[in-house]
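Student: Chains as they are written, first to last, in the numbering used here: chain A, 6 to 122; chain B, 145 to 573.
Simulated from the structure, these hints should not be mistaken for laboratory data. From the three backbone atoms N, C-alpha and C, an ideal C-beta is built for every residue, glycine too. Please note that the accuracy of each hint is not assured.
[Said to hold, decoys possible] If you only want the chain A side, here are some residues facing chain B, beta carbon under 10 Å, derived:
(1) Ser-21
(2) Asp-26
(3) Gln-33
(4) Met-36
(5) Trp-39
(6) Gly-55
(7) Leu-58
(8) Glu-59
(9) Lys-63
(10) Pro-104
(11) Ser-111
(12) Glu-113
[Claimed, not checked] Restricting the straight-line Cα-Cα distance to at most 35 Å, the calculated cross-link-like pairs of lysine-lysine (DSBU-like) are:
(13) A/Lys-79 to B/Lys-312
(14) A/Lys-11 to A/Lys-68
(15) A/Lys-44 to A/Lys-68
(16) A/Lys-44 to B/Lys-312
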Amino acid sequence: MSTDQKSPFLLLFRESSDAPDRTPEEMQHIMGQWMAWIKRLRDEGQYVSGNRLEDAQKILRGKTIMDGPFAETKEVVSGLIVVLAGDLAHATMLAQGCPGLAYGNSVEVRPVIPSTA
Amino acid sequence: MAAERASPEAVARVVDHLFRREAGRLVAILGRRFGWEHLAVAEDVVQDALLEAMRTWPFTGVPHNPTAWILQVARRRGLNQGRHRRMGQGKSPALAAWMEDCLAGAADAFPPRFEEEIRDSQLRAMFACCHPGLPGEAQVALTLKVLCGFGEREIAAAFLDSEAAVIKRLVRARQFLREQRLPAELPEAARLAPRLEAVQQAPYLLFNEGYKASQGDSLLREDLCVDAIRLGELLVSHRVGDRPSTHALLALMYFNAARLPARQDAAGAILRLSEQERGRWDQERIRHGAAHLAASGRGGEITRFHLEAGISASHALAPSEAATDWSRILGLYDQLLELAPSPVVALNRAVAVAKCRGPRAGLDALADIPNQAALGQYHLFHAVAGELQAQAGDRPRAEESLRRALALAVLAPERALLERSLAEVLEGA
């Protein structure tokens, strides 16, 4: 399969701000699932890049600047990855492998329009 | 790029139990710096930093020095983010400044001084957790939480207790330490000596939990055993802990741990003692066990650890199952039953009786166990009864016992072994 028919998609992870406490062993287990998932994407040539986003945030609106994260916000964006997929359905299928889904996280899938042809 | 052969699961395995280990190291070092009365704060800071590691490392990989990474994150995040902010603890600037000092001090310490500090902190933490003012079960729960990175759920599973009960126990224990305002430094040896017995219980229970593994799919949670040995070694390295009874405890753990690699076959099925390949027993652990057993004999004192180490040594040092000195083992069980009577010890003694005097005598010994009710729900009681009834040629009773054991057993490998025994009985071999 050639990769030039694939285009980039952004996977945006949101996690609940009131996630239950996890034991170190459980945290390690979840991390292992994430690592395995990312490795699988990488091995199949679908992974472009990915980052964790820290919780600290500033929100600017007009002239106001607010400090986050906000206690009242139910979900916070926790990270993102860019994958290569054939189309939105394919990218969605890849996103279904995200281990966070089993722990109450959500994934938003967005086609990325390349900035250059 | 060269072909990557490792499966995704293997990649995840590389860092096995790293979180538990780091939690145990970091809570001890921060607890000491913050003071034991602020243990809960130390736990929160570490929990928050571990959570951050869990979310970051999938993208960055596990850092070369995880401890330093976690400490830096803890320092950067401090009280101002995550749990602490939500818990409203970040309000006091004085507290925040003092925490920043403690965290900076911990994060700036470099190896090997740092490793030394962790070691020292963990030893202090062991004695703080096993404060004589705390009930025994709280001491052990706190040790598992603070030194071994166990969660409430895991402690509950280890003690067949509810999670709510464990949480309550830990809350009270932390409250007690807060009220005690324990100094970070250790009290003098004379005042620590009475605490030694409680401190020894923690590795002992931890080891047993790993050895029998009441939770999860894996029968052998070898890491728990390794952790328990680590705590035992830590204890024996201190002049207060360097007692014959601690050596006996280490001997018993090493001898039992030596047999771990042979207890399961390649598919994870349990092997009976007679089926185990003795060549796979870990000779280095046996050597350590023997050295500690020798050191345990220096005093006149005989503890249950001495007796259990003696039993375990009889197995580990026997060249074959046939050459096992069962009468010596039975003698040790007799003493153990006198020193620390329990239905489980009595059950194990019945197996030794059967080995010495035949299955009928073993069944009589089972029937003689006082307080039978305590064993009624214990699958191994019925499993032992079934094996002995089968050996005695009583197939209908054997079948009944094994079926009862199967109804009570939870772990897949244990169930598989029972199914195998049952099939053997039904075949009427």
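Student: Taking the hints in turn, state whether each one holds.
Tutor: Here is how each hint holds up against the structure:
1. Ser-21: Nearest chain B Cβ about 13 Å off; hint violated.
2. Asp-26: Status holds, d = 7 Å.
3. Gln-33: 4 Å, holds
4. Met-36: This hint holds: A/Met-36 lies near chain B, its Cβ roughly 5 Å from the closest one there, short of 10 Å.
5. Trp-39: With a minimum Cβ separation of about 4 Å from chain B (threshold 10 Å), the hint on A/Trp-39 holds.
6. Gly-55: Result: holds, 5 Å to nearest chain B Cβ.
7. Leu-58: Nearest chain B Cβ about 9 Å off; hint holds.
8. Glu-59: 8 Å, holds
9. Lys-63: 14 Å, violated
10. Pro-104: Cβ of A/Pro-104 sits 9 Å from chain B, so the hint holds.
11. Ser-111: Nearest chain B Cβ about 15 Å off; hint violated.
12. Glu-113: 17 Å, violated
13. A/Lys-79 to B/Lys-312: Holds: A/Lys-79 and B/Lys-312 sit about 28 Å apart, inside 35 Å.
14. A/Lys-11 to A/Lys-68: 41 Å, violated
15. A/Lys-44 to A/Lys-68: Distance of about 43 Å is beyond 35 Å: violated.
16. A/Lys-44 to B/Lys-312: 40 Å, violated
The structure is inconsistent with the numbered hints 1, 9, 11, 12, 14, 15, 16, although it conforms to all the rest.
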